[in-house]
Amino acid sequence: MMSETASVDRPTARSNALITWARRRARNLAPFTTLVILIIFFSLTTDSFLNFVNLRNILAQVSTLAVVSTGITFVLLCGEIDLSIAAVATMTGVIAAVLFGQVGLPGGVGVLIGALAATGLGLLNGWGTTRIGLPSFMATLATQQIASGLGQYITKGAIVYTLAPVLGYLGGEYIGTTDPFRLPVVILCGATALIIGHFVLTYTKFGRYVYMTGSNREAARLSGINTKRIVGACLAISAFSAGIAGMLNTGRLGSAQGYGLDDMLLDSISAVVLGGTSLFGGEGGIQNTMIGLLIFGVLSNGLNQLQLDIFVRLWVRGIILLIALIINIYALKLRDTGAAE
Amino acid sequence: MSEQAVAPIFELRAVSKRYGGAVALENVDFDLRSGEIHGLIGENGAGKSTMMKLLSGVYNDYSGELLLDGEPTRFASPADAQARGIGMVYQELSTFPHLTVAENLFSRKPPGRSGFIDWGRMVREARAHLRELEMSIDVTRRMGDLSVGTQQIVEIARVIFSGARIIMLDEPTSALSPPETHRLFEFIATLKSQGKTIIYVSHFLEDVLEVSDRITVLKDGLKVTTLDAKGATKHQLVELMIGSDAKILQQMYEEETGAAATRKQRSFGDIALEVERLSKPGAFNDISFTLRQGEILGLFGFMGAGQIQLARCLFGAERPGSGAISLNGRPLHLKNTTIARSAGIAYVPENRRDSLMLGQEIYKNITLAHLGTLLRGLLNQRGELAVARAQIANVGVRPPRPELPVGSLSGGNQQKVVLAKWLTRQPKVLILNEPTRGMDVGAKDEVMTIVQGLREKGVAILLITTEPETILSVADRALVMSKGGISTELSGKELTKENLMKHA
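As they're listed, the protein sequences go chains A and B.
Per this note's numbering, the very first residue in the first sequence carries number 1; after that it's consecutive.
Per this note's numbering, the very first residue in the second sequence carries number 1001; after that it's consecutive.
Be careful, since some hints might not be right.
[Unchecked claim] Computed beta-carbon distance windows for the label pairs:
1) B:S1162 x A:Y330: 39 to 49 Å
2) B:G1163 x A:F280: 36 to 46 Å
3) A:L266 x B:K1457: 36 to 46 Å
4) B:L1099 x A:Y330: 45 to 55 Å
5) B:S1077 x A:I319: 37 to 47 Å
6) A:Y330 x B:P1331: 50 to 60 Å
7) B:R1330 x A:P135: 53 to 63 Å
[Unchecked claim] Covered stretches of chain A, as calculated for chain B (at least 3 residues, CB under 8 Å):
8) 212 to 224
9) 232 to 246
No lab work stands behind these hints, which were simulated from the structure alone.
If you're wondering where the values come from, they're calculated on a predicted model, not measured in any experiment.
Cβ coordinates follow ideal geometry from the N, Cα and C atoms, glycine included.
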């Protein structure tokens, strides 16, 4: 009698443990599952999706997005938002190109000054948010106008083709010579950004403070954390990474222009949120951003491979984004009710 | 003099209410006469708020009878009670600070037809109503721009316009200055002359005596008595509230804990914290005291006396208007909490929500305050878990699993985690704000034992609480704060519950 009940209980106990394990990791599992589903879907519905070169292309396509998404992950984690990243990226690309081409500075110096200019705008965002008390939404909206205006002012609408060689290399070149085993350098750039971001967020005290500031701002403050400094630093980081991404992008495209990266803002936030990082702060991280970037990249690329009409692609992508987000939210609700039991 | 109508307009007969196993009210009889002002007093936990919730329709699961105008009835909901003439004005006003006075007065039912608001009528009627109540307030002003006292009067007026003839006021004067209190009393007298009936719940016994016709005293869920306010004294009320054998209980306390004896014998170290003439307009005024190493200084006061803002100023979470704070002789300029923490001040807020990241793991919450100095270099989980486990054992968190999210713990254990956070490095000054709120007796005991242990180690402790027993069981001396100022300092034989409550 005893052994009967024991053998009936054990499978249910094991499956219960599995459910609890899955529930706790819902924030990471749901996006990963979405990614797998999408990959399978596109592999089955097209011939051109599942091959090495295409997959490599996907990685290259999201690499500059990876850099800026790393920065925006910091900002979202601490509970704020940065609407200026696309404009800062554009402006920085233009500054670096003009400094090299028209002013005649060495390429590396142009890049450095560009990065400094971007970080400067990030500090301006930080000042407006923490010292003046503007909501980050407002402060970064204003900076976005400034950056966008500066970018267009510098180029006066023209397209600049003079790029620092280092950017051309990082953005456009390959390591290795023979297809398909050539590795676009830009993938390494994206990966580096993600790795550094993850390291800082997971292994440094600053990273811990970022999570805590986003999780409960007042409690962090009452624990002795200088939350103003943390928020300011995160906004500076996102502007800096936006600047780097902007410059990398010019290397990839071979030119710099004063507008045109506008998609980058929503694309990067989509990628981060698709990956499971909370828009309200305190939860998520670079590992989520990475999955989100892959989902985004697979989705865009897959829809291209399906050879849908270009305008159809855009709104279909929006719908699939919405579905993926809904799945994510449900997964989190399941996790929360599981924790409450 | 002719008496009022004999039948009470509002009555409770043999009412009892339990929460789970705990008794909130036991067999309480209560009657309210038409046109009277009836004071309701009792200690924390005596049952006042339960009774008010019952009378206002928040609870309808109780045993016994409730009678309105002589008819037995049971309110289905607060809305039902309101519709039948019961109005409730809470201590924290439920006003809309961004809207005007007129909009607030008509917030529940704006005048107008088919979804459109008749603004002209709203302003006119608001003005007329306030004039009837002999109050001249500009109805076009933003509610948030008015003083707390005026907002409160508007809130009471709103309740009356909604048809209330029985109005319950919960701690109406805790945030009012003396002139505002006076104005409120005049307003209450006007209401009484217009035939309204008022239940006045308050800790401030002089106010209750001044304004009430009769007073009901609750203690431990029981009704002690109802007496005429005329001829009653504050001393009499205190004795009724805490029991006529309070002195005996006091002696028992002291014998059990040996507090009285050790209180005399304990020696304290140097002055750790010195506060000189600290003021913050609107919160507290001219606060001065010293706190020595190895001393527990109790700070007693009712809610709204300014203790919380004072504590926050001592931790750099708020800035005082004027005055000086020094630590171990050196003046402190507490521009932010980081400076306070580095100086060795620790602060346990009264609200757990302000102190814990509920979604994060216990160990992350514990290491948070001193993360910079606890671990050198990079974070490593093993080091953090070791620190966390040591603290969990120190304060007795159950279950002792540092990887669990802190939100999964019970309230009492969460509070222990908050304390543990500050003990990862021994503080010089520990400010405790209601450290045992919401804890059962066993957990309270554990926490107070830890606090006493810290005293032995020379930590200077400021213990802020609204529970006199907590102060009596561990404090070496106590300050009583009332309406933003220190009303007295009590030590030795004078440190009694009666004296604490008398001066608050």
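Results for each hint:
no.: 1; hint: B:S1162 x A:Y330: 39 to 49 Å; in the structure: holds (42 Å)
no.: 2; hint: B:G1163 x A:F280: 36 to 46 Å; in the structure: holds (41 Å)
no.: 3; hint: A:L266 x B:K1457: 36 to 46 Å; in the structure: violated (56 Å)
no.: 4; hint: B:L1099 x A:Y330: 45 to 55 Å; in the structure: violated (37 Å)
no.: 5; hint: B:S1077 x A:I319: 37 to 47 Å; in the structure: holds (43 Å)
no.: 6; hint: A:Y330 x B:P1331: 50 to 60 Å; in the structure: holds (56 Å)
no.: 7; hint: B:R1330 x A:P135: 53 to 63 Å; in the structure: violated (38 Å)
no.: 8; hint: 212 to 224; in the structure: holds (count 10)
no.: 9; hint: 232 to 246; in the structure: violated (count 0)
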